[in-house]
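Taking this note's numbering as reference, the numbering of the sequence shown is continuous, increasing by one, and the terminal residue is 138.
One thing to keep in mind: the hints can contain errors.
[Said to hold, decoys possible] When the alpha-carbon atoms are kept at most 20 Å apart in a straight line, the in silico EDC-like pairs for lysine to aspartate or glutamate are as follows:
id : residue 1 : residue 2
1  : K67       : D97
2  : K100      : E113
3  : K111      : D70
4  : K111      : D86
5  : K89       : E113
6  : K100      : D70
Simulated from the structure, these hints should not be mistaken for lab results.
Here the structure is a predicted model, which means the values were calculated and not measured.
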Amino acid sequence: HVQLVESGGGLVQPVGSLRLSCAAAGFIFNLYSMNWYRQAPGKQRDFVARISSAGSTTYYADSVKGRVTITRDNGKNTVYLQMNSLKPEDTAVYYCNAHNMGYWGQGTQVTVSS
Numbered sequence: 025h026v027q028l029v030e031s032g033g034g035l036v037q038p039v040g041s042l043r044l045s046c047a048a049a050g051f052i053f054n055l056y057s058m059n060w061y062r063q064a065p066g067k068q069r070d071f072v073a074r075i076s077s078a079g080s081t082t083y084y085a086d087s088v089k090g091r092v093t094i095t096r097d098n099g100k101n102t103v104y105l106q107m108n109s110l111k112p113e114d115t116a117v118y119y120c121n122a123h124n125m126g127y128w129g130q131g132t133q134v135t136v137s138s
């Protein structure tokens, strides 16, 4: 069965950095684009970034463009989200998923606060 396990979240001060990881299993990872989404308290889940199956193409939400980089390691079935210059408004639970697949992990909490 499909498994997505996010990790790497935590408490960080504004302008700090975090690297999130998402380990995938149960499907052919290198055939799927992978996404990161986030959901702040009381808000809908929003798109953050996408990377193509081979890692050659990336897309970013305007709110994170220039501060966030999505990468993947198909040998490790893992997708990453490097987040720099973090802002309080980046506080949310971050989720990964395989594009057009209806599976979600448990998410990892990112809190940006001084």
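These are the hints, each one checked on the structure:
no. : hint           : result
1   : K67 with D97   : violated (31 Å)
2   : K100 with E113 : violated (31 Å)
3   : K111 with D70  : holds (16 Å)
4   : K111 with D86  : holds (14 Å)
5   : K89 with E113  : holds (14 Å)
6   : K100 with D70  : violated (26 Å)
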